[in-house]
Every structure is written in C-alpha cells, then in structure tokens.
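A.B. asks: Listed below are the residues making up each chain.
2 protein chains.
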Amino acid sequence: MKVGVLGAGQLGRMLALAGIPMNIEFVLLDPAKDACGQSLGEFINAAFDDESALRKFVDKVDVVTVEFENISVKSLEWLSQHVPVYPPPLALSTAQDRLLEKQMFARLGIPTAEYKAIDQLDAFIDYCSSKDQPMIAKSRREGYDGKGQARISADTDLSASWDKLAGVPILVEDMINFDREVSIIAVRDRNGDTVFYPLCENTHANGILHCTQVRLNDPMQQQAEDYSKRVMDELDYVGVLTFEFFDCDGQLIANEIAPRVHNSGHWSIEGTDSSQFENHLRAICGMPLGSTETRGPSAMINIVGEMPARDAVLAVEGAHWHDYAKQPRAGRKLGHITVRANNQQQFDERLAKLEKLLAGTSAPVGACKN
Amino acid sequence: MKVGVLGAGQLGRMLALAGIPMNIEFVLLDPAKDACGQSLGEFINAAFDDESALRKFVDKVDVVTVEFENISVKSLEWLSQHVPVYPPPLALSTAQDRLLEKQMFARLGIPTAEYKAIDQLDAFIDYCSSKDQPMIAKSRREGYDGKGQARISADTDLSASWDKLAGVPILVEDMINFDREVSIIAVRDRNGDTVFYPLCENTHANGILHCTQVRLNDPMQQQAEDYSKRVMDELDYVGVLTFEFFDCDGQLIANEIAPRVHNSGHWSIEGTDSSQFENHLRAICGMPLGSTETRGPSAMINIVGEMPARDAVLAVEGAHWHDYAKQPRAGRKLGHITVRANNQQQFDERLAKLEKLLAGTSAPVGACKN
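Taken in sequence, the protein lines are chains A and B.
Sequence positions in the first sequence follow this note's numbering and run 42 to 411.
Sequence positions in the second sequence follow this note's numbering and run 42 to 411.
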C-alpha cells in the first residue's frame, strides 16, 4: 500500500512514522525544498498545482491524503479521478472558506458566533459601526495560526484593519466570550464507522497553539462527538477531522474544522492505544479503526522558535521529545513535548516541572491551565 | 546526533523508527542488499568486517550500536577507537561465546545448568555416555533461534549429533526441566543508572519465539532484575540487555543474554511509556532513560513464514500490526502483532481471538499459555 501525502512537513513526517511499521510506503509532495518529512518516503519537490508533478505523484500511489488544507480543490478533484482522495475534496473546499464552513454549520444545526460576510470596505465600516461589541475580522480563505485576522473594538481604525486584511473577502464575527477553547479529534472510515478521542483543552500564545490537555470524562464530550459526526456524515468524510469549539457556559460554539491530523492531537502518539496518525492511515487505507483508549491524563506542549534543553525535558518522568528537525526561526513550530501520567496529581506535578523548564524559551510559562 | 547501527534488519528498522521522532539520524550497515531497515537512514551495503566500509561508516556517526551480536569483536574494537560503541565490545565477545557467558554467570553467582565445554568427538562421547539424563549440545558460537543445537538422550547416535554440529567447539548442558521460559529487558545508561521492563513469559515453536506475554507483578521480577544488574555492572554495559532464564520451581536459571534489543521486548512499543527501542537509544546517546511504566497486560505474537490477513487482525480491539516489509520465506520472521488490554479478562479474550485468526498460518494455535 502506497500513500501519497500532499505536504511533507511535520504532519506528513508523523503520518509516515505511524505508517511505516504497518508496511505503508509514502510519496510526499511539497514545494519546500527542506520539508522535514521528505526522508521518510519518496519526495517530490514541487508546487501543489504543478500538473506534471501531480501526474507523476498520482501514478505512484494507491490513495492520496493531505497534511495541509489550503491545496487547490481543482488539483484534488483531478487527483480523485485517478485514485481515492481522502478526505474528499468537498471537505477541503468547505474548510478552505470560512463562509461555506459557517453555512454548513448552520445547515447542520451547529451553533456559531454571529457573523457577516463582507467584500467591500464600505460594507465593512457600516457593519462594524452598527455593532457595539468586540468583533474579529477574518479572511475567508487561507488563515491559520492567527494569520489573516484583526480584532475590532469601538476605537479600532477600520480602514487600517481593512488594509491589514489586504482587501480580501472576509467574515466579521462577534467575539465570543468563552470559558475555554476545546477541540476533538474524530475519525471516520470508508464504511462510515467513527471513533473519537477525548476532548482537549487548548491554550494559545501569540495566536499559536501552546498547550493541549486531554480532558477525560469531559461533560462536553458527547456534544463534541455529535457535532463532529454531523459534519463527517455531511461530507462523507474519510480520515481524521479536527473540530475546534469555544465552550461558553457549557454550550459548544463551533469555531472551525481542520480536515486533517492536527496539532491538538499530537498527545495521542503516547497518550492512546492508536494515535491520530495511525487512525488517519487506517481510515484512508480501508483498515479497521484502532482503539482510542486513553492512558490517563496527557498533555502536549508546542516548541516554537527554539528548542529547549532536551535532556532536562527527558528527565521529567513520562515526558517524550519530538523534534521535527527543522531550522529554528522565530514563530516556527519546531517540535513538541508530550507528557502522560497515571493520575491527575502526578500529571500536574510533571506538567508543572516541564513548564518551569521551558521558562526563558519562547513558550509562555504557566500558560497550561490546570 | 547520528547513530550508526551494525545491521539493518527489523531491529535496526524499529530502532530508527523510535529515534527519528527525537531527531536522531541513522547510518545502517548490513551485508544484505534487501535489508528491511535500509530506507530509514543512510544505508551502507557491506560486510560487517569490510574495513573500508567500516571506515566510511564510523566517519559519519557519533555513536555505534548493533542489532546483531555476531559481529567480529575486532571490528567493534577498531570502531571503538573512533567513537563510543555501545554495548561495549566486551559484552559482545561474552555473548558470542557460550563458554565465556557461562563463566561470567558463575563468577557473578548466577545459577546455570550443569555444562561441559567439549572440543573433540571422543570427549563428547565419553561425557554423554557418563550421564544418564537428557542433555542439549550447543555450538559455543553463532547459535540463535535453535540453530546449532542437538538434543541428546540415551538412544542418540552421538557421532551423528557431532556431525550435525559440524565439529565446532560446543557446550553440552543438562536439559533443564523448567516450568516456563522468561526474559527481562534491562537498560543501563552511561551513568550506570538502570531501568527494567516487567518479566515476560516466552513460548517457542520450531525453535523460534512464538509468543511473549508480559507478567505484571511476577514473583521472579526482583531476581531477574538483580541478575541483570550484576551482568550489566560487570560489563560496564550501556543500552538494552536481554536476559533469558528458565524458571524452575521459583528459581531462575540463566539461559543466555542478548546484548541488544530483543524480539521478546517488541510488546513494549505499544505496551509501555518508552519502548525498548527508545530506551536503547536514550541510553547510548546519553539521554535520561524513559519510564518503563506498563499499560496493563500485553503480548506479542511473531509472524513467521507468511503474513496473515491484516484487517481481521486489526479488527481485534487493542491489536497492532507490524510488518517488516520482508520477502516471505519459510521460517523467516516477517512481522509481529501486539495486543494490549486494561484487565486480564479483556486481554485473554483479545489474545484468544488473535490465536484463532492465526490458525492455518505458520503460527501454532494455542501456543500462548495464559
């Protein structure tokens, strides 16, 4: 079985590391010459819309998947005429456009923040001036890790914000006054069977995910599974789908979906029986899904900008080191640390030790709420 | 950090899969053109005593280890003049010769079967004729998976047995009337700190390991750890050491050591916090050792000769599929299956399902004792 992955960054790298033990081979296509997953399979260094590269790519593989959602749907549709493409192109086109995504949520009865789609500066100024609460303007397409966003309050210079967003079509959403940000990793196989990982609580720093903590027996688990299942069934989805929510007073408000394995699921490598990477591959390759049974409290801390001292981290019981072998650069995700324990007290101690060790690096201390 | 591995079979492959997430790079040297671990690093296709290949190999790496113990000690000693070689050559030379190994056990007060070293046919016939119990003759060097062994009983044609062993120096050992065969995976780091995995019970078929089951809270755990520690301290050992014992009436009798990661430790990939492969790398690279905390009952079943139907295996809850990507051949280890559960009853059910699925393949049904 040969899997083609569009994208050869850390997600492609971790997919390959989960697949090779099962004798899955990989062909990875990425425009970046130094893509960190390239050595784990055959590497095609080309743009995602390079027709001759895509032809070569598709001839080599049995199934195609993505590690990155902003890939031209035209490319994906062309590929899907030759081999199965999972998740299906419709899932990608929906996730690529915040308006289509929000419209789908509405169709499926999944609550969202109040929003308005806006294409013109005049309409932007009119709409923002008519509201008396903080809002957030987001480009409809190609935003991630807080990019393509602007906060709007009473004293915001609206023209400057519009310019910052480069005049592209946007959504203006009411800012949600949430208690916490949570996400769920859901998996659906070719037969429509589903499994779910436990709900995770996410904290961010500078717009980038900082820490994910697993919430065992979270009261919102069922609601998150239900909403994810609605979306996956609607899209005839195959693979891992990540669904991010705001939890407001015990009510989940949809933020966005990511049609792929996700940073908030990295804890599953050591924290569950079958990681999100293994289950994504099982799903797209037509294998039975693996158990998502969870081994006590788990967390993941991102490493951004520079790697901390490895051995001090590894000296913390239950800690694991993931270094993506990327060149350090400010704001760049270079790796992550996972930690697991058998009970909450042990876990809290271990996590506190790690946060202390990361003081002085780019990671904010104390940002993992307990 | 770049690790050189002598041998690129499934053990080298699984070492690399454990190391790549930590940004360890690999150079693998193996005489087999089709060695199944070759794609996970730089591959040098050469004999283990090819001087120019070893020179090229050692120039590329920070530390050398082995996946195979029958490598010329001369080569290892030469390598160790350039970079650290772990385990140390002394451990390899001891494990390569059953007589040296037995003498070490005696020196350390570790019980063994009664044995005699024999070089000549006459002495062989004299010794065997003088004893009135079943014995086993083993070549002193290069025996594994039951190769280079002959059973001796009252009606054995001793000349034919001698010929079968090809006239090489041998040990003749009293056959042990054991209750079970067990092994322990022990790890020692550069500072002399140690960790141990739980004792495992092993069953064999046709001289090849068939099934390993973890024994949590086994009454012999402490004795196995104590004996392993004596050996590791004696050899100033660094890395994973596997120690195989016979359990006779609650007394461990040493069988042999393997100075490397071992087939009876494969369950640790899914069954513990840090697998034997990760901990071997942590030890030889000078990192702190990882937790060997064990996640409930675990087992490993070897796949020999031909692969069974994958999806039926993966449909068993808690089962994981390891396919080494090797060409099938009678008697060849092609992969393994691990299974894990949260309690003994669940585990027994899952293991029974797997054994049933493997009926009709080369694996003997019911050979995993519970």
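Some hints could be false.
Given that identical chains are not distinguished, each listed pair holds provided it fits within a single copy or across any two copies.
Stated by the list, open to error - The calculated DSSO-like cross-link candidates involving lysine-lysine, where the alpha carbons are at most 27 Å apart (straight line), are:
#1 367 - 43
#2 205 - 157
#3 74 - 397
#4 74 - 172
#5 101 - 74
#6 115 - 394
#7 394 - 97
#8 43 - 97
Calculated from the structure, these hints are not laboratory results.
Quick caveat: nothing in here was measured; it's all calculated off a predicted structure.
A.B. asks: Work down the list of hints and note, for each, if the structure agrees.
C.D. replies: Going through the hints against the structure:
1. With identical chains, the CA atoms of residue 367 and residue 43 are at most 27 Å apart both within one copy (25 Å) and between copies (16 Å).
2. When the C-alpha separation of residue 205 and residue 157 is checked against a cutoff of 27 Å, the pair qualifies only within one copy, where the shortest distance is 18 Å, while the shortest distance between copies is 85 Å.
3. Taking the shortest Cα distances, residue 74 and residue 397 never come within 27 Å of each other, neither inside one copy (36 Å) nor across copies (48 Å).
4. Taking identical chains as interchangeable, the C-alpha atoms of residue 74 and residue 172 are never at most 27 Å apart, the minima being 46 Å within one chain and 70 Å between chains.
5. When the C-alpha separation of residue 101 and residue 74 is checked against a cutoff of 27 Å, the pair qualifies both within a copy, at 20 Å, and between copies, at 23 Å.
6. For the identical chains of this complex, residue 115 and residue 394 are neighbours neither inside a copy (48 Å) nor across copies (45 Å), given an alpha-carbon limit of 27 Å.
7. Taking CA atoms no more than 27 Å apart as the test, residue 394 paired with residue 97 passes in neither setting, with 49 Å inside one copy and 42 Å between copies.
8. For the homomeric pair residue 43 and residue 97, the shortest alpha-carbon distance inside one copy (14 Å) is at most 27 Å, but the shortest distance between copies (33 Å) is not.
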